[in-house]
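**Student:** Here are the chains, one letter per residue:
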Amino acid sequence: GQQVMQIPQYQHVQEGEDFTTYCNSSTTLSNIQWYKQRPGGHPVFLIQLVKSGEVKKQKRLTFQFGEAKKNSSLHITATQTTDVGTYFCADFMEYGNKLVFGAGTILRVKS
Amino acid sequence: DAGVTQSPTHLIKTRGQQVTLRCSPKSGHDTVSWYQQALGQGPQFIFQYYEEEERQRGNFPDRFSGHQFPNYSSELNVNALLLGDSALYLCASSFVLTTDTQYFGPGTRLTVL
Chain Z
2 GQQVMQIPQY
12 QHVQEGEDFT
22 TYCNSSTTLS
32 NIQWYKQRPG
42 GHPVFLIQLV
52 KSGEVKKQKR
62 LTFQFGEAKK
72 NSSLHITATQ
82 TTDVGTYFCA
92 DFMEYGNKLV
102 FGAGTILRVK
112 S
Chain F
10 DAGVTQSPTH
20 LIKTRGQQVT
30 LRCSPKSGHD
40 TVSWYQQALG
50 QGPQFIFQYY
60 EEEERQRGNF
70 PDRFSGHQFP
80 NYSSELNVNA
90 LLLGDSALYL
100 CASSFVLTTD
110 TQYFGPGTRL
120 TVL
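Same order as they appear, the protein sequences are chains Z and F.
One rule links them: number in my numbering = place in the first sequence (from 1) + 1.
One rule links them: number in my numbering = place in the second sequence (from 1) + 9.
Heads up, a few of these hints could be off.
Away from chain F, derived, C-beta distances all over 12 Å, residues of chain Z [as the list claims (entries may be wrong)]:
id : residue
1  : E16
2  : S27
3  : T29
4  : P44
5  : E68
6  : D84
Per the computed footprint, the stretches of chain F lying under chain Z, defined by three or more beta-carbons under 8 Å from a beta-carbon of chain Z, are [to be verified]:
id : stretch
7  : 20–31
8  : 92–105
9  : 111–120
Simulated from the structure, these hints should not be mistaken for lab results.
Glycine included, C-beta positions come from ideal geometry on N, C-alpha and C.
Just chain Z, with the same shape it has in the complex (with noise of 0.2 Å):
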């Protein structure tokens, strides 16, 4: 069935610092979205891209979704502490609207 990936399963980084969690798959994404789960917490939405090529930027973090459709990427700019979490990315696929999800990044923000 469909499978997605992510890397890396872990990052530690310095406050002020960059991130970067990677989304692959070796067949074509539907839609990709991204979520964040704090420790003890639930996923929480954070943007749904559609479009081969997208780019979109929340404050912070920039989404993009690659040419083929078969990857994705979330960077954030100059981590802060609250930016502490999991990230995953998700399959949004719309016949069944139904996600798949992979792993999930754990962010680890040293002050």
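Following the hints, complete the assembly by docking chain F onto the known chain Z.
**Tutor:** Below, chain F without anything else, positioned relative to chain Z:
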């Protein structure tokens, strides 16, 4: 406008027991999906309910069953619990006629001893 709510928050059961988890969708939503999130993993799709019927199902055994009520709320039932069923169970609601995102509830943390 209430978001997605789930109950109970935490639950401890022993192997072989049965459990029922509950979810109320966000106002205006008619579709409920259930996900299992084991520790350190991403959520895995269990099944989805719309119009009180199971619309589609992930790769989970028949021990996992569900129900949707006329008010769109839903239950997830797990029979013959195994240690491996310990996880965070997430409910997500959406409106079937849009491609809008799903909204997740806070989850139920199930521990099987």
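**Student:** Evaluate each hint against the coordinates.
**Tutor:** Hint by hint, here is what the structure shows:
No beta-carbon of chain F comes within 12 Å of the beta-carbon of E16 of chain Z; the shortest separation is about 24 Å. Distance check for S27 of chain Z against chain F: the nearest CB is about 17 Å away, which clears 12 Å, and the non-interface claim stands. No Cβ of chain F comes within 12 Å of the Cβ of T29 of chain Z; the nearest lies about 17 Å off, and the non-interface call holds. Some Cβ of chain F comes within 12 Å of the Cβ of P44 of chain Z; the nearest lies about 5 Å off, and the non-interface call is violated.
With a least CB separation of 22 Å from chain F, E68 of chain Z remains clear of the 12 Å interface cut-off, as annotated. Under the 12 Å C-beta cut-off, the non-interface status given to D84 of chain Z relative to chain F holds; the minimum distance is some 19 Å. With 0 residues bearing a CB less than 8 Å from a CB of chain Z, the stretch 20–31 of chain F misses the requirement of three and the coverage assertion fails. Counting residues of the stretch 92–105 of chain F whose CB lies closer than 8 Å to any CB of chain Z gives 5, which reaches the minimum of 3, so the coverage claim holds.
Counting residues of the stretch 111–120 of chain F whose CB falls under 8 Å from any CB of chain Z gives 6; the rule of at least 3 is met.
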